[in-house]
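Quick mapping for you: the protein sequence lines, in order, are chains V and D.
In this text, residue positions in the first sequence follow our numbering: the first is 1, and each later residue adds one.
In this text, residue positions in the second sequence follow our numbering: the first is 1, and each later residue adds one.
One thing to keep in mind: the hints can contain errors.
Unchecked claim - Derived SDA-like pairs: lysine to any residue, alpha-carbon spacing no greater than 20 Å straight-line:
1) V:K125 x D:R192
2) D:K283 x D:P369
3) D:K447 x V:G47
Since the hints were derived computationally from the structure, they do not count as laboratory data.
Here's the letter readout for the chains.
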Amino acid sequence: MSKRLFVGVFENEQDTLAAVRASRQRGFKIVDVYAPYAVHGLEEAMGLAPSRLPWIVFALGLLGAGLKVWFEFWTTAIDWPVNVGGKPFNSLPAFIPVTFEVMVLFAAVGAVLSFFFVCRLFPGKRTLLPVIGVTDDRFALVLEETDSRFEPTEVQKMFETLHAIHVEEQITAEPE
Amino acid sequence: MADAVLTLRPPLIDGDKSIAQVTHDVCAPMEARPSGLWWLALAASSSLLLLGALAIGYQIAVGVGTWGLNRTIGWAFDITNFVFWIGIGHAGTLISAVLFLFRQRWRTSVNRAAEAMTIFAVMCAGIFPIIHTGRPWFAYWLFPYPNTRGSLWVNFRSPLVWDCFAISTYFTVSAMFWFIGLLPDLATIRDRATAKWRRRLAGILSLGWNGSYRGWQRYEVVYLLLAGLGTPLVISVHTIVSWDFATSVLPGWHATLFPPYFVAGAIFSGMSMVLTLMIIARKLMRLEDYITLRHIDRMAKLVILTSCIVGLSYATEFFIALYSGSSYEQFVFLNRAMGPMFWAYWTMVSCNLLIPQLLWFRRIRAYVPAVFVISIFVNIGMWFERFVIIVTSLSRDFLPSNWFHYAPTRIEIATLMGSFGLFFTLFLLFCRFVPVIAVAEVKGVLKYGISHEEGDS
Chain V
1 MSKRLFVGVF
11 ENEQDTLAAV
21 RASRQRGFKI
31 VDVYAPYAVH
41 GLEEAMGLAP
51 SRLPWIVFAL
61 GLLGAGLKVW
71 FEFWTTAIDW
81 PVNVGGKPFN
91 SLPAFIPVTF
101 EVMVLFAAVG
111 AVLSFFFVCR
121 LFPGKRTLLP
131 VIGVTDDRFA
141 LVLEETDSRF
151 EPTEVQKMFE
161 TLHAIHVEEQ
171 ITAEPE
Chain D
1 MADAVLTLRP
11 PLIDGDKSIA
21 QVTHDVCAPM
31 EARPSGLWWL
41 ALAASSSLLL
51 LGALAIGYQI
61 AVGVGTWGLN
71 RTIGWAFDIT
81 NFVFWIGIGH
91 AGTLISAVLF
101 LFRQRWRTSV
111 NRAAEAMTIF
121 AVMCAGIFPI
131 IHTGRPWFAY
141 WLFPYPNTRG
151 SLWVNFRSPL
161 VWDCFAISTY
171 FTVSAMFWFI
181 GLLPDLATIR
191 DRATAKWRRR
201 LAGILSLGWN
211 GSYRGWQRYE
221 VVYLLLAGLG
231 TPLVISVHTI
241 VSWDFATSVL
251 PGWHATLFPP
261 YFVAGAIFSG
271 MSMVLTLMII
281 ARKLMRLEDY
291 ITLRHIDRMA
301 KLVILTSCIV
311 GLSYATEFFI
321 ALYSGSSYEQ
331 FVFLNRAMGP
341 MFWAYWTMVS
351 CNLLIPQLLW
361 FRRIRAYVPA
371 VFVISIFVNI
381 GMWFERFVII
391 VTSLSRDFLP
401 SNWFHYAPTR
411 IEIATLMGSF
421 GLFFTLFLLF
431 CRFVPVIAVA
441 EVKGVLKYGI
451 SHEEGDS
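With these hints in hand, go ahead and build the complete structure from the sequences.
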């Protein structure tokens, strides 16, 4: 199924934010917004749900800490207990530093890998830019035609009144 | 409207740049040919690196007898250099993670280079414990892995094992943090590259980043999470480094003060190294509009703050020695200040405590050469701090019959110089091939202090 997309290109973040708000008000479907930097306030303007990454990271941190405490206990008290300076085999307080480090390691590596996974970022991925320059100084708002009530001329007019420097229509053959 | 203008803070970036100008200013030097000065600096630093590599090769081939260590002083130069370099690394994490959590948006101009400094400093630090093992080809024994000796596991009660975990976690997390921050900039390089190899290389490394806001939203979350993890991590790393000493019973090492004292000292030394590097980089690469005098001013204030914490720690150590009533403790501190190595102690006090006090004066903070010279003094002073703590405490312990002195050999000095060579070689290569300023982050703060509409949070 092909998609009909309308791309409005803007020069600064205020215009982009205004266009996003106007599009949502009129009920247009926002495919995505492309920006050279993380524009603050865009999350609310686009109505994106908050990311669930913190929960994944929290769970991974707990997992790392739990595994490490178990491993330290198993190696030091069960598998081969060695008497070091008369300390108890199960020296839990002495296990805390390494447990903490492993927790941070699991959480941080997990955060980065799940970020790559959720965003589908991997080496060798073919980059799809809506227009040239979104990684330099252009902001792009991409709208999709969803039904027959969608009026291309209205979109064009809306973009122009909101200082779009360029508006283009794109037909994608493959759904993304 | 007039008072609205008055309440604006000064802008973070000078020169009223447009977004495209930022991209150009940072990326263009990388695309041009390197200057003669850069080649000269690279030749000097890589010669030092070569010297260090030869020294390391020699001491591994001949053995640990090439060091000036003896039965009394079994730890001296290696551990001093290790703590010195790890400490330097900590300022990078402070700037990238702690200041991010405190919403200090001026950090955007310096965080990329400071994080690179962290990674390089940790690499330099890592060399020393590895060669200090005496048989570096068995360095992997530091990790618990199933082996044919039992399995015989590492001793998880040992601070040296904690250190091994702390440093490797710290290196991994810092490198990932740096790469995540670099991702949008790599995409920028990819999209403006004219050279085919640059486009391909940046294309692979940027993982297909296209500036989609759904990506940006998660990016911000991951960045915040890494900052939140990095902050306790950096404190834990130097705390654990200090435990290498504090968990022993030696007078002068066995102190509960050590963790905060070492963490403050680490940030102190690292911040002055950031100043040293940034002052050179802003001049050489003409980044005065990005790394402004206001940035230098703020970093200089952090140097005074940490200098005072370090000074307070010096005083506390003396007070506790007196207050404890332990004659061994009292002797160690008198010996530090008035013993045979008094010159090292007083170098440390003057470089770390007295000279940085000049930074209280606004005119000195605004005069870049003065700040540069002070930052060099702090680097020297912080190296001596570790040397004093380690060598003076070890050389005169409980029994006078144990007492001995220590002097580094030429091989040890060559190894230290080699670590500087490695650090500066990597930093020069970084300046050449990676955007020194976090382009995407600076774009977000361009309007800071210029309009109230955004950025001024």
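Can the restraint linking V:K125 and D:R192 be considered satisfied, given a maximum Cα separation of 20 Å?
Holds, because 18 Å separates the two Cα atoms, which is no more than 20 Å.
Take the C-alpha atoms of D:K447 and V:G47, compute the straight-line distance between them, and say whether it is at most 20 Å.
This hinted pair is violated, its Cα atoms lying about 25 Å apart.
Given the hinted pair D:K283 and D:P369, is their alpha-carbon gap at most 20 Å?
11 Å, holds
Checked against the numbered hints above, the structure breaks only hint 3 and satisfies the rest.
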